[in-house]
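From first to last, the protein sequence lines are chains A and B. For the first sequence, the working numbering assigns the number 10 to the initial residue and increments by one for each residue that follows. For the second sequence, the working numbering assigns the number 5 to the initial residue and increments by one for each residue that follows.
What the hints contain is simulated information worked out from the structure, not anything from laboratory work. One thing to keep in mind: the hints can contain errors.
To be verified - Just the calculated beta-carbon pair ranges, DEER-fashion: (1) A:Ala124 x B:Gly40: 41 to 49 Å; (2) A:Arg19 x B:Cys58: 50 to 58 Å; (3) A:Asp106 x B:Val55: 23 to 31 Å; (4) B:Ile60 x A:Glu94: 46 to 54 Å; (5) A:Ala92 x B:Ser8: 24 to 32 Å; (6) B:Arg31 x A:Val143: 32 to 40 Å; (7) B:Cys58 x A:Gly77: 42 to 50 Å; (8) B:Glu11 x A:Gly91: 27 to 35 Å; (9) B:Ile60 x A:Asp106: 20 to 28 Å; (10) B:Lys14 x A:Phe127: 58 to 66 Å; (11) B:Ser8 x A:Gly77: 39 to 47 Å; (12) B:Gly40 x A:Lys87: 25 to 33 Å; (13) B:Glu61 x A:Lys87: 48 to 56 Å; (14) B:Gly40 x A:Val136: 47 to 55 Å.
Glycine included, every Cβ here is placed at the ideal spot set by N, Cα and C.
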Amino acid sequence: MEASRQYKSRWGRARFGGGPALLIGLSVGCGVLLSAGLGALFGLLVAQERPVLVGLLFGVMTLPATCGVFWAFFVDRKTLQGATEDPEASIESHWYDRAASAAFTDLLLVCGIGATIFSLTRLTANVGLVLAGVIVVAMADFAVRYWSIKKAEG
Amino acid sequence: MENSLPEYRKDRGLSQQALADLLGVSRQTVISLEKGRYDPSLPLAFRLARVFGCRIEDLFTPGAEE
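Okay, chain B solo, but in the shape it has when bound (with noise of 0.2 Å):
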């Protein structure tokens, strides 16, 4: 699954511990998610979603195997 975390979180200003904070996760967390290596639980996905004020579809997108 590809995503566009990355993007988001700095159009916003945002460090990845100040999201991670945000969402309440570990800044890990965030790390693997922007790169692709940590698909999300739904509920942490509609978590991004309310922090970005998007929807899930804008944040992540299937990847080309998918």
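So that you can see chain A by itself, here it is in the shape it has in the complex (with noise of 0.2 Å):
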């Protein structure tokens, strides 16, 4: 265990081999590359003015998710300094399995009424806004369930 600590690191290194500046920078790089695409999509199809500024800006918007989503998908997770080597078995792993599942029901009881009432008043609204209300409540429906399991048993 002494001799795994060594190459242990804040950032930890990519699966694939190499240091930590070599997963950081490859994260960047291919978040950048990522961005300016979905920048570029973002300001040919969406933007009705200035489509090279909305690009950019959007693109430097999302560049900190893009670069966050491949560091995790480049990283070997034994090499994080702090990491457990079996989540899975932690009593973390527990709660989220416990708040993922309820917050499910939670969802669909959400949905499922939601979808009546548009159906029984006629109402209409844009999709995309919809499905991002959808996201928030779940994702806050589990932080909530997430966080009450923590205290009550933590």
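Reconstruct the complex from the two isolated chains, following the hints.
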């Protein structure tokens, strides 16, 4: 275990080898490429005015998320400082499963009630906004449930 | 389920963090196990028994309601 600690670092190392610098560089590089692509698409398809500026802003706004996604994809979690070796056996995983299960049930209920209301009242809404709302509700519900389980049992 | 994890751990001079590192789980997991708030999976129970050099039945016993 002592030997394995020597190659652990705050940002970890890539699954295919190399140091933390390679992992960060690769994650940022791929993130920049993906964000540039997303920005170009958004600028071309959505922006009514100043597509270059809008696309650039969109790309910059998505950059932290895309870099994070690539880092999470490339990193070997065994090389992260402080990461547990068997997270599935930890109680946090147990809390996660329970919170996710309960949030899924809540989401079915919310979507069912929402669909009924929309059907009966013949309301119309932007699909993108409704889906974004569903995601926000799901995330908030999960966070509250996880926190309450942790507080009760932690 | 009741357990005698705190006694076994203290007998071996291990801190909760040291035991967590040996098991490959978080310290919170050890805390919850010792308080009886978390029943471990079978693989984790076997790992605990291996760490303490005893049988699973020596560590865990069914509670009164079971």
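Comparing the hints with the structure gives:
Ala124 of chain A and Gly40 of chain B have their C-beta atoms about 43 Å apart, which keeps the hinted 41 to 49 Å range intact. Our hint of 50 to 58 Å for Arg19 of chain A and Cys58 of chain B is violated, since their Cβ atoms are close to 37 Å apart. Roughly 25 Å separates the CB atoms of Asp106 of chain A and Val55 of chain B, a value that falls within the hinted 23 to 31 Å. Here the CB-CB span from Ile60 of chain B to Glu94 of chain A is close to 21 Å, at odds with the stated 46 to 54 Å.
Between Ala92 of chain A and Ser8 of chain B the C-beta distance comes to about 29 Å, which sits within the given range of 24 to 32 Å. The hinted range of 32 to 40 Å is satisfied by Arg31 of chain B and Val143 of chain A, whose Cβ atoms lie roughly 36 Å apart. A hinted range of 42 to 50 Å holds for the C-beta pair Cys58 of chain B and Gly77 of chain A, which are about 44 Å apart. The given range of 27 to 35 Å is respected by Glu11 of chain B and Gly91 of chain A, whose C-beta atoms sit roughly 28 Å from each other.
A hinted range of 20 to 28 Å for the beta carbons of Ile60 of chain B and Asp106 of chain A is consistent with their spacing of about 23 Å. Look at Lys14 of chain B against Phe127 of chain A: about 60 Å separates their beta carbons, and that is inside 58 to 66 Å. In this structure the hint that Ser8 of chain B and Gly77 of chain A lie 39 to 47 Å apart at CB holds, the actual value being about 43 Å. Taking the beta carbon of each, Gly40 of chain B and Lys87 of chain A are about 31 Å apart, inside 25 to 33 Å as hinted.
A beta carbon spacing of about 32 Å between Glu61 of chain B and Lys87 of chain A contradicts the range 48 to 56 Å that was offered as a hint. Checking the proposed 47 to 55 Å range against Gly40 of chain B and Val136 of chain A shows it holds: the Cβ atoms sit about 48 Å from each other.
The structure is inconsistent with the numbered hints 2, 4 and 13, although it conforms to all the rest.
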